[in-house]
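> Sequence:
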Amino acid sequence: MKEFDIVVIGAGPGGYVGAIRAAQLGAKVAVVEKDAVGGTCLNRGCIPTKALYYSAKALKAAKRAGDFGVNIDGVSFDMIKAVSRKDNVVKKLVTGVEQLFKGNGIELIRGTAFVESASRVRVTRNEGVDVIAAKKAVIVSTGSEPAMIPAFNIDGNNVITSTEALNLKEVPKSLLIIGGGVMGCEFATIFSALGSSVIVVELLPTILSTEEKMVSKVIAKRFKETGVDVLTEVIVDKVEAGEKGVKTTLKDGREFITEKVLVSIGRSFNSTGLGLEAVGVSIEKGRVVVNGKMETNVKGIYAVGDVTGKMLLAHVASAQGIVAVTNALGKGVSMDYSAIPAGIFTDPEIASVGLREKEAVEKGMNVTIGRFPYAASGKALGMDETEGFVQIIADKGTDKVLGCSIVGAHATDLIGEVALAIRAGIKVKEIAEAVHAHPTLPELVMEAAEDAHGTAIHKIGRKRV
Numbered sequence: 001m002k003e004f005d006i007v008v009i010g011a012g013p014g015g016y017v018g019a020i021r022a023a024q025l026g027a028k029v030a031v032v033e034k035d036a037v038g039g040t041c042l043n044r045g046c047i048p049t050k051a052l053y054y055s056a057k058a059l060k061a062a063k064r065a066g067d068f069g070v071n072i073d074g075v076s077f078d079m080i081k082a083v084s085r086k087d088n089v090v091k092k093l094v095t096g097v098e099q100l101f102k103g104n105g106i107e108l109i110r111g112t113a114f115v116e117s118a119s120r121v122r123v124t125r126n127e128g129v130d131v132i133a134a135k136k137a138v139i140v141s142t143g144s145e146p147a148m149i150p151a152f153n154i155d156g157n158n159v160i161t162s163t164e165a166l167n168l169k170e171v172p173k174s175l176l177i178i179g180g181g182v183m184g185c186e187f188a189t190i191f192s193a194l195g196s197s198v199i200v201v202e203l204l205p206t207i208l209s210t211e212e213k214m215v216s217k218v219i220a221k222r223f224k225e226t227g228v229d230v231l232t233e234v235i236v237d238k239v240e241a242g243e244k245g246v247k248t249t250l251k252d253g254r255e256f257i258t259e260k261v262l263v264s265i266g267r268s269f270n271s272t273g274l275g276l277e278a279v280g281v282s283i284e285k286g287r288v289v290v291n292g293k294m295e296t297n298v299k300g301i302y303a304v305g306d307v308t309g310k311m312l313l314a315h316v317a318s319a320q321g322i323v324a325v326t327n328a329l330g331k332g333v334s335m336d337y338s339a340i341p342a343g344i345f346t347d348p349e350i351a352s353v354g355l356r357e358k359e360a361v362e363k364g365m366n367v368t369i370g371r372f373p374y375a376a377s378g379k380a381l382g383m384d385e386t387e388g389f390v391q392i393i394a395d396k397g398t399d400k401v402l403g404c405s406i407v408g409a410h411a412t413d414l415i416g417e418v419a420l421a422i423r424a425g426i427k428v429k430e431i432a433e434a435v436h437a438h439p440t441l442p443e444l445v446m447e448a449a450e451d452a453h454g455t456a457i458h459k460i461g462r463k464r465v
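For the sequence shown, my numbering assigns the number 1 to the initial residue and increments by one for each residue that follows.
Where hints are given, some of them may not hold.
[What the hints assert, rightly or not] Straight-line C-alpha distance at most 20 Å; calculated EDC-like pairs for lysine to aspartate or glutamate:
no.	residue 1	residue 2
1	Lys-217	Glu-387
2	Lys-169	Glu-259
3	Lys-285	Glu-145
4	Lys-429	Glu-417
5	Lys-427	Asp-399
6	Lys-293	Asp-336
7	Lys-221	Asp-237
8	Lys-34	Glu-98
9	Lys-173	Asp-229
10	Lys-221	Glu-387
[Stated by the list, open to error] Derived DEER-like restraints, expressed as beta-carbon distance ranges:
no.	residue 1	residue 2	range
11	Asn-366	Asp-87	47 to 53 Å
12	Gly-273	Val-435	54 to 60 Å
13	Asp-229	Asp-384	22 to 28 Å
14	Pro-205	Lys-169	35 to 41 Å
15	Lys-213	Arg-85	35 to 41 Å
Worth flagging that the hints you see were computed from the coordinates, not collected in a lab. Cβ atoms here follow ideal geometry from the backbone N, Cα and C, with glycine treated the same way.
Can you build the whole structure from these sequences, using the hints too?
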């Protein structure tokens, strides 16, 4: 029986990052993976969706090139080539992770893992069954999958999930998306830009309901301008594939027939079939229960990433992976969720970190808000990307940054500055006083910080306080 210090189950962002950090700290590490290295993020999520997103952005840019004095005739789109490019991007990154394993002396075991105890993992491979020992910890990083909702009759062809949407050979003429959350709005952005007639149906009163209302309004406005039909406060009764297309029937009786239906609501957690409950690990509604150190209730077994149900973000999984192995190797650290940035790749992009305004008020905080529009930025004007704004929330008493929401071009690249500010306890005044290069989009963050004190140079209407 092979012995390792740490055995990681699942090579997604939580598992592979945790494994590499454990190896850096001197541990002997094995990673068990039954599918492709990189997990959902690299293979079926973050990375492939962004590859298609930028294909859609390139098509949009080509169509608008005339506005910049560039004349292009006969612009067309090749879905097969775009998917091939996407696959190549994924392949490069997966290969990169495999090389990192080799370079760090990590043993990658292809097979299906079953936890026999906190120190023994059974691995079923094509060649047979092996048992490996984990002297210090087992890290469960098995992720999640799209929820298969029976009422929607998901068949992978006509009624699809995000997995199938990433591998379509043709752009569907029409597409109905069930769910107006992050994934639904990202795919609506992609396929509407590629030429699909898109309908988004959402149960809640607004799309992107977890974002600031002003942010979701910007995207709703852009969807209206680009022909995306958004229906809110509606319930899907049934979805049926037929000869003329897929018929979606709402509870109010309305019917829509489209070429494809994309179901983008719900994730199921990959916690079953691992033997976890048999060894006493606490699981609630499919989620593996963990504390701030990523420990389960069974000593020596940790869990990270989507399977914990904490925050379904790749970078959170990676941070959790580092926390888990650091604790497993004897150094006490805990996860800090106070400054976790999140990005949404709509057009324009959305990014946020920390508290929303409503959350801060509900916590009884006395806050000050600074806001600055993209339309007042020289760089944004030069790019012809003037939709959106940066909003910073600060504690009125301490002036420390509590949160930030950005909607606009490259929002996901700008949010890191504010995440660092929250993490480091930096004051809004300090962001405002830090000289930012001109002309750049980060100046938007600086001027939003200035606006919190009424001193934004390129904004009229606020008195100095």
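> Identify every previously stated hint that the structure contradicts and give their numbers, smallest first.
7
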